[in-house]
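*Asks:* Can you build the whole structure from these sequences, using the hints too?
Below are the chains, spelled out letter by letter.
Number of protein chains: 4
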Amino acid sequence: MQFDTILEKVKSFLRDELLPIEATLRHQAWEEKLPLLNQLRDKVKDLGLWTPQIPQHYGGMGLNVAQFGAISEILGASPYGHFCFNCQAPDAGNMEILLEFGTEEQKEKYLLPLLAGEIRSCFAMTEPGYAGSNPVNMGTIATKNGDNYVLEGHKWFATGADGAAFAIVMLLTDPEGGNPYQRASQVIVPTNTEGFELVRNIPIMGDVGGGWESHSEILISQCHISRSHLLGEEGSGFTIAQKRLGPGRIHHCMRWLGICERAFDMMCERAATRELGHGKRLMDQQTIQNWIAESRAEINAARLLVQDAAHKIDTIGAYRARTDISIIKFYCAKVLQDVLDRAIQVHGALGITDDTLLSFWYRHERGARIYDGADEVHKTRVAKQILKQYASR
Amino acid sequence: MQFDTILEKVKSFLRDELLPIEATLRHQAWEEKLPLLNQLRDKVKDLGLWTPQIPQHYGGMGLNVAQFGAISEILGASPYGHFCFNCQAPDAGNMEILLEFGTEEQKEKYLLPLLAGEIRSCFAMTEPGYAGSNPVNMGTIATKNGDNYVLEGHKWFATGADGAAFAIVMLLTDPEGGNPYQRASQVIVPTNTEGFELVRNIPIMGDVGGGWESHSEILISQCHISRSHLLGEEGSGFTIAQKRLGPGRIHHCMRWLGICERAFDMMCERAATRELGHGKRLMDQQTIQNWIAESRAEINAARLLVQDAAHKIDTIGAYRARTDISIIKFYCAKVLQDVLDRAIQVHGALGITDDTLLSFWYRHERGARIYDGADEVHKTRVAKQILKQYASR
Amino acid sequence: MQFDTILEKVKSFLRDELLPIEATLRHQAWEEKLPLLNQLRDKVKDLGLWTPQIPQHYGGMGLNVAQFGAISEILGASPYGHFCFNCQAPDAGNMEILLEFGTEEQKEKYLLPLLAGEIRSCFAMTEPGYAGSNPVNMGTIATKNGDNYVLEGHKWFATGADGAAFAIVMLLTDPEGGNPYQRASQVIVPTNTEGFELVRNIPIMGDVGGGWESHSEILISQCHISRSHLLGEEGSGFTIAQKRLGPGRIHHCMRWLGICERAFDMMCERAATRELGHGKRLMDQQTIQNWIAESRAEINAARLLVQDAAHKIDTIGAYRARTDISIIKFYCAKVLQDVLDRAIQVHGALGITDDTLLSFWYRHERGARIYDGADEVHKTRVAKQILKQYASR
Amino acid sequence: MQFDTILEKVKSFLRDELLPIEATLRHQAWEEKLPLLNQLRDKVKDLGLWTPQIPQHYGGMGLNVAQFGAISEILGASPYGHFCFNCQAPDAGNMEILLEFGTEEQKEKYLLPLLAGEIRSCFAMTEPGYAGSNPVNMGTIATKNGDNYVLEGHKWFATGADGAAFAIVMLLTDPEGGNPYQRASQVIVPTNTEGFELVRNIPIMGDVGGGWESHSEILISQCHISRSHLLGEEGSGFTIAQKRLGPGRIHHCMRWLGICERAFDMMCERAATRELGHGKRLMDQQTIQNWIAESRAEINAARLLVQDAAHKIDTIGAYRARTDISIIKFYCAKVLQDVLDRAIQVHGALGITDDTLLSFWYRHERGARIYDGADEVHKTRVAKQILKQYASR
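Chains P, G, Y and R supply the protein sequences, listed in that same order. Under this note's numbering, the first residue of the first sequence is numbered 1, with each subsequent residue one higher. Under this note's numbering, the first residue of the second sequence is numbered 394, with each subsequent residue one higher. Under this note's numbering, the first residue of the third sequence is numbered 787, with each subsequent residue one higher. Under this note's numbering, the first residue of the fourth sequence is numbered 1180, with each subsequent residue one higher.
Incorrect hints may have been included.
[Claimed, not checked] Residues from chain R that keep clear of chain Y, each with C-beta distances beyond 12 Å, as calculated:
1. Gln1181
2. Ile1298
3. Asn1371
[Unchecked claim] Distance condition first, Cα-Cα at most 25 Å in a straight line; then the derived DSS-like pairs of lysine-lysine:
4. Lys1174(Y) - Lys11(P)
5. Lys280(P) - Lys1459(R)
6. Lys1174(Y) - Lys280(P)
7. Lys636(G) - Lys777(G)
8. Lys388(P) - Lys673(G)
9. Lys673(G) - Lys1563(R)
10. Lys1224(R) - Lys1174(Y)
11. Lys1459(R) - Lys781(G)
12. Lys781(G) - Lys1190(R)
13. Lys334(P) - Lys1513(R)
14. Lys388(P) - Lys1066(Y)
15. Lys673(G) - Lys1066(Y)
16. Lys280(P) - Lys1170(Y)
17. Lys1513(R) - Lys1491(R)
18. Lys705(G) - Lys334(P)
19. Lys1120(Y) - Lys1513(R)
20. Lys1288(R) - Lys404(G)
21. Lys1567(R) - Lys1066(Y)
22. Lys1459(R) - Lys1170(Y)
23. Lys705(G) - Lys1491(R)
24. Lys1066(Y) - Lys1563(R)
25. Lys1288(R) - Lys1224(R)
26. Lys727(G) - Lys1120(Y)
27. Lys384(P) - Lys1170(Y)
28. Lys727(G) - Lys1513(R)
29. Lys673(G) - Lys1567(R)
30. Lys1098(Y) - Lys312(P)
31. Lys384(P) - Lys673(G)
32. Lys280(P) - Lys777(G)
33. Lys280(P) - Lys705(G)
34. Lys312(P) - Lys243(P)
35. Lys777(G) - Lys1459(R)
36. Lys1120(Y) - Lys334(P)
37. Lys797(Y) - Lys388(P)
Hints listed in this document are in silico derivations from the structure and should not be mistaken for laboratory results. Using N, Cα and C, we set each Cβ at its ideal position, and we do this for glycine too.
*Replies:* In structure tokens:
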């Protein structure tokens, strides 16, 4: 398929298949909506659009980072877009890890059913007691015990843990190791392993959620797993996490832009139709016009930045593009929040109700400035990277 | 009681009685929490602090606007503060209206039980089909029919309608009247009147709420009420609404500042205790320091502005202070949102959970920039008022 | 020459020829610096880089809009960059007009010496009495008198009028014409024509300037010129002005980005070298790091937006790209001001002295948000263009 | 005199005496304008308004900090206001120092003629090689030599040094002292002392200025002065400097608010009179209305903050009010810059010319965010002060 054709098909799917039932889905619990979502997933498979980011050899479309970014923007317009195409976080990231670092056995057992959409997975990295901005600073520890690891720790914000078949857990295998970047490892933990306890789905911004639409707190206590569950080398946890970040960022940023475009469209539609009396409409207010113009400028700028970063990942690799990747994190997160805020304000009282998607995004994308490294952390990184060359002059 | 003593007592009540059970209250449904709240209300009565904004003749403390503002800031620190003192919106505003415009019969029937805390009430002004920024632009109409009015209309965002004994409804009694400011009237409608139907509690920012903690949509259809339910003169609806706004704004702005102070305190506490590794804490980050300093400056500035406006209302009256009243609306709403946003960011992932109050406020005070006239409307009003004297030179 | 080679040569010229004498030039009056500048111009001619934006047939390099944009960014790093290459405003715009609308005689007499760098010119559009945002709203009028026009009017902000050989004057030839967009025309007025009086060089942000580096006020009174001085058709003044805007905007925006990059470089250099005591440098301050990261993000975003707009002008034409062109106007002007402001702040007291270029740009680029249509006007245009499709649904 | 009467008289003086000749003064060199200014000074003396901030015993009006703040706002409306009343920086600060720390001989020789307006003075603290935010970090050193000090150093930004009779110089008398806050001292240096050389008036934002309206670079080399020129104790330089800061900040902040009010007035006047065509004026644009409303809110807030801080200085002293004093520094400097920026934008092209005062302030008040401690430094201080109590809990 030509890439343009692919884009067209994805757009049509959204418009014709997903959006018409989105309102229904929005007000259902996860278990209720799953049958409908699975029907949509089957249609996506039939259309040959399944797991677009995965190599063709594994049943995907083999798109590169820039191409998948374009898909991701389209899918981002709906909270269920990515799920329908089986390229939703955190599963998409876990697929990547397993593809690159998984043993044949791990791939067989975890990757294939994940790719097939038969199971879901989660990624357990963040801990309540440790600042997320320091990826080697954590309290979950794996102690070797014969052929096993014994895990102890406390995680939270494990998206989709509720109902997941397995977790990829980031933890320390060498807590006192001289090189802090080699202290951590990643291991696969089937969620039904004894000692791996989902404490609760964390209520976030008013929603406790369920299934894929939840973020769990997990207590790990005397949890024994075979060392064959290790991903890659021992001590490579940080490296693996880094690998995942570049394409993941493109995915998220383009998803945010999908949200932005839809919110922008809603804002314009509302401005153009809302009567103010005296024959005036909201669109005649210059303040509203300013918001529309500024939003348009910022969304366009953000997209160009992300496309540019994606292109760099595809050509020079994520490591050498890391400054660009950090830049899009904080730039796009800000645009997202600003556009949503303006769209809500244009909608007035309606904007704060749950009658539109704006409130959902306003609440659930507030995290965008926090997860994957708070924006402030990325700014510092960008500056330090730039200043290196000046300091050494 | 000296006013300083009053302030001390109110602070102690918050600290010793309300805050210790606040977390329990937060996670209960309205009906569950009511018994606890009523116990607190009884304590407030015993302390002689009941309905502080109401004249002593009616059982209150007779505080002026500036004094009640100071109380309101303290109470604002908790979502239940005002309710415990029976000075919560919208009842406090309705009390004011009934005090000034109610007939003896109306006072007997509606005001006294309201003052006693035996019933609750709501205020139905906003309509989904009409922009809220134009208070004489509405679709709810009262047609005279003998001694009755027949009401038809559609309202929403009637806070506390769920469980309220009566509503004060803003509607048009003279839809085609030459002077648009004399088209509207306010009438009392007992909520059990036939044709007055609470359609739903509107889900707002993730919460559908219940009881006082809800905002309802109301359909009014063939609703007959006696004309004795009219408040003040026919055609005085706009004037009455205006009367209510000045003190109401002080109430809200000071309540917001109460929220700001508590969020500020949480932000500082978090910054001072959150470890980042390497012996550093969040408070060592200059970005966090900037937020703290800026928040301190803005909260202080906001309070001084509100106190100044309150003093003006007390001395020259709300009408002549209307520019100041509009200024505090948009200034404080912005400070509130900015401070909450920073406090959340400082809390990181914790900040977006419902484990702290920050998420509650972030969601439920987003409306602050919208209700009682969107900030944009107030800016325009302030400017026009100022520009008048220049244009006529 | 390959375009990459061209870029390299332009960069080398800046670095090796212009920057070393820039400080000298900065503190000289126009007449003093002209000999040095003319030497540089001769070198540019020798390098084959003269008038890069002009067709090869006319002695230029024939670059398209996107390519000239890339050159313009490099040249923008110095206040004298464009002048050395004879592609400075307003002459570059006047060359464009004459190329497209000039008669053979006009080209012979005005265009050729302009291209050769033998004369300078100016463009007289803005009037003190009329808002610049409305290009058909002006008071300068040409009345026909036999074969002549008699001109009356008052212009200002005619850049480079001091010492110019001729002006292109925008004026009304049909003040009461039914179609307001056909009221204006453009005419060539030799500056030595009787009745064309340069009143003063306007002191702008502390500098009265001189020669090309000045902006003049001009009184036109009983000024007779032959009708052969008309450019294009009578009534086409607005159309011609529009033609000029698209490429002109790319030119300015890329020039601004050249300024941004140099200011950014100065900011980083200063941050990396300025000692604060206690072994700390400015670069260790997180606030400074934030400014550097945000500036990098914004400059990158701005450049991508401008490149995208330039590409659109080259492919679909300036008219269809007009929304993009308006967007880069206000977006880039804001980035420019923000970056300069941060660079100054990082320089501390030094930043407000005239010892660096920062103060020069801070002062002389404040106009960027005003000229060629205030940013506010462009925002309104963008919004109206976007809202058209929504309003007509 | 009643304080209200004083305020009225000061206002009248500005309106009737100073403003009518302000435009003349603006375009004269310092030496040219001095005769006119001295005439105005004589009138101020005649009105009994001379040196309002100075105790009556010394011929002033004995106003407290809050009262002088109110005067300072009125005077701030004109660049020459404070000079006419002999309460201009840096002389006012030097008077304070001499009053509190001067010996009888020093008072006789330096303070009395300063109070009389017969001489001017300067304050030499800032050094090009040291960050201004650290007041004990400097390179100017006084070495004892018998009864003399021998001074070596390099200062700049000594306001009014050109034509001053003496300088108060901050320098190190004990460069290696254990307590860094006791390393510095302040000494009086007559400007005609050998070895005290005014190198140049620094060109700042386009103006090199002259006399009181200049800021000089000073080289101090083998400069011998008697030790009787020491102010206060040796090692008390930092303490003296701190003393000066509180009231000085009120002075500057209120002066800035005077500028803000005048710029605000100009902005409104312009908005109300500038025609846009089609029967519209600038004031009809909502963006302009927003700027006016926001400016009004911010100026009001700033004034209340400064008045509150002044009141605290008068009651609890500058040291205990230091957080408030830091807050008004950065808050007011931002308001000043924002209001000026908006006023310029409303004036369009006129705003960047030197035909109005806006350009003057835009250029010369850019330093407000830098001098007396960059805003960033004050934010950090405020935060650290606040966080202290949290960190120690």
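*Asks:* Let me make sure I understand: some of the numbered hints might not hold for this structure. Which ones are they, in numerical order?
*Replies:* 10, 18, 20, 27, 33
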